[in-house]
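Engineer: The lines below spell out each chain.
There are 4 protein chains.
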Amino acid sequence: MPTVVDSSVTQFQTCIDACNKCMQACEECLTSCLKEADVQARVHCINMLRDCADICALASQWMSRGSMYAKQLCQVCATICDACATECAKFQDAHCKDCADACRKCADECRRMSA
Amino acid sequence: MPTVVDSSVTQFQTCIDACNKCMQACEECLTSCLKEADVQARVHCINMLRDCADICALASQWMSRGSMYAKQLCQVCATICDACATECAKFQDAHCKDCADACRKCADECRRMSA
Amino acid sequence: MPTVVDSSVTQFQTCIDACNKCMQACEECLTSCLKEADVQARVHCINMLRDCADICALASQWMSRGSMYAKQLCQVCATICDACATECAKFQDAHCKDCADACRKCADECRRMSA
Amino acid sequence: MPTVVDSSVTQFQTCIDACNKCMQACEECLTSCLKEADVQARVHCINMLRDCADICALASQWMSRGSMYAKQLCQVCATICDACATECAKFQDAHCKDCADACRKCADECRRMSA
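Chains as they are written, first to last, in the working numbering: chain A, 1 to 115; chain B, 1 to 115; chain C, 1 to 115; chain D, 1 to 115.
You may find that some hints are simply not true.
For chains that are exact copies, the list does not tell them apart, and a pair is met inside one copy or across any two.
[Claimed, not checked] No more than 20 Å apart at the CA atoms, straight line, and that leaves these computed lysine to any residue pairs for SDA-like:
(1) K105 / D17
(2) K90 / R111
(3) K97 / Y69
(4) K71 / A83
(5) K90 / M68
Bear in mind the hints are in silico, worked out from the structure with no lab data behind them.
This one's a predicted model, so the numbers in the text were calculated from it and none came from an experiment.
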């Protein structure tokens with residue numbers, strides 16, 4: 001019975017890197033959104049960023065350990081990254097644009113990984 | 001657009017408590033399994049416990065914040081708790097029996113919560 | 001060489017429970033603060049709540065596993081809980097008052113545990 | 001009162017990258033140690049790896065958000081990384097050697113960051 005999906009995690013490296021980048025972009029963007037004058041207009045975005053940062057961090061950790069459930073977690077991660085990208089794309093700041101990019105790339109890698 | 005599922009988290013309290021208990025049982029059981037003479041026979045169980053502890057901790061945190069994605073995470077949590085219960089039930093130690101119980105209860109609560 | 005601090009975690013149960021309660025109070029309070037009309041006045045509080053929720057969750061997990069470093073983590077947790085209590089106490093909402101209480105109790109338990 | 005340590009996280013990038021690498025090395029090494037014939041001799045190492053992976057993941061997340069407490073968490077992280085490197089260095093496998101290297105580099109970066 002396979003405990004872990006593969007003896008090598010190299011196959012996951014691109015997705016691990018994308019999740020790490022997306023976690024960082026979400027945490028940075030959340031901190032920056034809180035400083036913006038229109039923070040009240042960003043509440044939904046901020047709540048998305050909280051979840052997106054957390055799920056990216058956990059997906060990175062589970063891929064690193066070769067978890068049986070890494071693919072299933074990456075499917076959820078892709079869904080949340082897509083929604084977070086859509087939300088961030090509504091704002092014009094560099095930090096929101098950068099975060100939307102990181103989310104889209106991470107969603108793509110998570111979909112490929114969990115296919 | 002609803003950012004969070006409800007203004008009150010009271011509805012989730014039973015499931016939050018079950019997740020906290022299951023996280024604790026999994027971490028305790030993992031530490032105890034590592035001390036058993038037949039640790040080599042428990043490798044698959046140990047890997048299940050790593051994932052189960054983590055997903056229960058995150059599910060508890062997301063229900064607490066009223067995340068839009070709490071239900072989706074609890075579905076994954078239920079799947080992992082069921083599998084972890086099955087694995088723990090194969091061993092006769094008190095810590096494995098207790099953990100299997102906590103996992104089954106948590107799986108039930110997560111299914112009810114995400115229904 | 002001791003891998004874990006003790007074979008029983010019962011000694012930590014009060015502190016584990018306090019950390020779980022504080023994590024939940026912080027996540028709830030953060031979600032509620034984001035909905036308040038004066039959210040801009042709460043940015044420092046919100047940033048404290050992010051850290052406090054995370055460290056309480058991790059401290060609970062490390063006590064559950066009987067980590068060698070649980071005491072050291074609980075020292076940091078006590079510092080952050082104290083600061084978060086001070087910040088939450090500046091606001092008059094029920095969620096901030098409740099969170100300040102949970103933070104103070106958790107700080108006390110973490111100090112006792114790490115003594 | 002400064003909520004976050006700096007408006008730019010670029011100063012932390014080297015340390016964030018080192019924490020991400022160390023988290024990954026620890027999770028991989030833990031999974032590999034569980035498969036080794038002498039797993040019973042590795043129990044202390046495995047328990048170190050659990051803690052080291054978690055604290056590196058959280059340190060990376062807190063530096064990304066510019067947390068006031070990132071330095072304090074990185075001090076604990078450096079202590080744990082040093083101890084984990086010492087433990088991993090006792091074993092001759094490639095995964096333990098690689099993990100010891102990643103832990104040493106991460107400890108150095110965390111010390112520099114928290115200085």
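Engineer: Identify every previously stated hint that the structure contradicts and give their numbers, smallest first.
Structural biologist: Going through the list in order, the structure violates hints 2, 3 and respects the others.
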